[in-house]
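**Q** Residue numbers (this note's numbering): 323 to 601.
There could be a bad hint or two in this list.
To be verified - List of simulated lysine to aspartate or glutamate pairs, EDC-like, C-alpha gap at most 20 Å:
id, residue 1, residue 2
1, K561, E532
2, K561, E393
3, K561, E390
4, K565, D552
5, K561, E538
No wet-lab data here; the hints were simulated from the structure.
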Amino acid sequence: MYDGPVLDNHLHLDPVNGRGVDAAEEFARAGGTHLNVLNKPSWHLVGDVDDEDGFGESFELTIDATEEADERLSGRAWPVLGVHPALISRLLDRGYDPDEAAELMQAGIDVAAEYVASGPALAIKSGRPHYEVDDAVWDASNTVMRHAFARAAEVGCAVQLHTEGGEDFEDVAEWAEAEGLPRERVVKHYSGGYVEGVVPSVISHKDELERACGGEWPFFMETDFIDDPDRPGAVLGPKTVPKRTRWLAEAGYEEALRRAHVETPARVYGIDTIATLSR
Numbered sequence: 323m324y325d326g327p328v329l330d331n332h333l334h335l336d337p338v339n340g341r342g343v344d345a346a347e348e349f350a351r352a353g354g355t356h357l358n359v360l361n362k363p364s365w366h367l368v369g370d371v372d373d374e375d376g377f378g379e380s381f382e383l384t385i386d387a388t389e390e391a392d393e394r395l396s397g398r399a400w401p402v403l404g405v406h407p408a409l410i411s412r413l414l415d416r417g418y419d420p421d422e423a424a425e426l427m428q429a430g431i432d433v434a435a436e437y438v439a440s441g442p443a444l445a446i447k448s449g450r451p452h453y454e455v456d457d458a459v460w461d462a463s464n465t466v467m468r469h470a471f472a473r474a475a476e477v478g479c480a481v482q483l484h485t486e487g488g489e490d491f492e493d494v495a496e497w498a499e500a501e502g503l504p505r506e507r508v509v510k511h512y513s514g515g516y517v518e519g520v521v522p523s524v525i526s527h528k529d530e531l532e533r534a535c536g537g538e539w540p541f542f543m544e545t546d547f548i549d550d551p552d553r554p555g556a557v558l559g560p561k562t563v564p565k566r567t568r569w570l571a572e573a574g575y576e577e578a579l580r581r582a583h584v585e586t587p588a589r590v591y592g593i594d595t596i597a598t599l600s601r
């Protein structure tokens, strides 16, 4: 039976409006050991942002929440910081044009990269809208995403992507490589069990996890828990990854679980989830 580390690769902690560290404690009680904590969209934490200071304020809140969570775990919690791609639509509604919005979002990516370079953050978050937008907004969003790849290459980290659904992200992988970032350091958040080109972070539904476990490619498990008191348990609750890990272990997927919780974190982020247990 698998008894190694258990990583949720994409979970939110909201210290302003949500449960914050209590959700991390629930994860730990269920058997979870490691967390990658993504900042919520800036407007959920600090309101509308118009400069680097606003992004920095939202990132600091996430870093503080992650440090609190880290103290509750037998393993580690790391912040993953960046700019939610839906910000571009919010900025357009406020009077920005697509190029102006992209410029501000790239400034937010720069701030996130500084937090990686200086130590607190593990990786950068970026992407493009998962909903229909016009060509100008799509192009501007892709410019922001490519900027994230370039900055990640400079500071030596991975990028988690929030994008549209689908399985073919070969073009995105090629863009990352063109910016100097290896494709194995690009992660598709809220993924199905397989994607082409980048590393899937599989939303922890049983059928998609079984698909990922049945292959030989690297993958993560995630809940995308959003820590919203109006939507408790959305997208999936904090206990889900530990519970699904036990279920997969009972089904005989021990090697795949080691891939998800040990080998892929080491390959993508350069972290050792075994050495960081029981500090």
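**Q** Going back to the hint list, which numbers does this structure go against?
**A** Hint check: 4, 5 fail, others pass.
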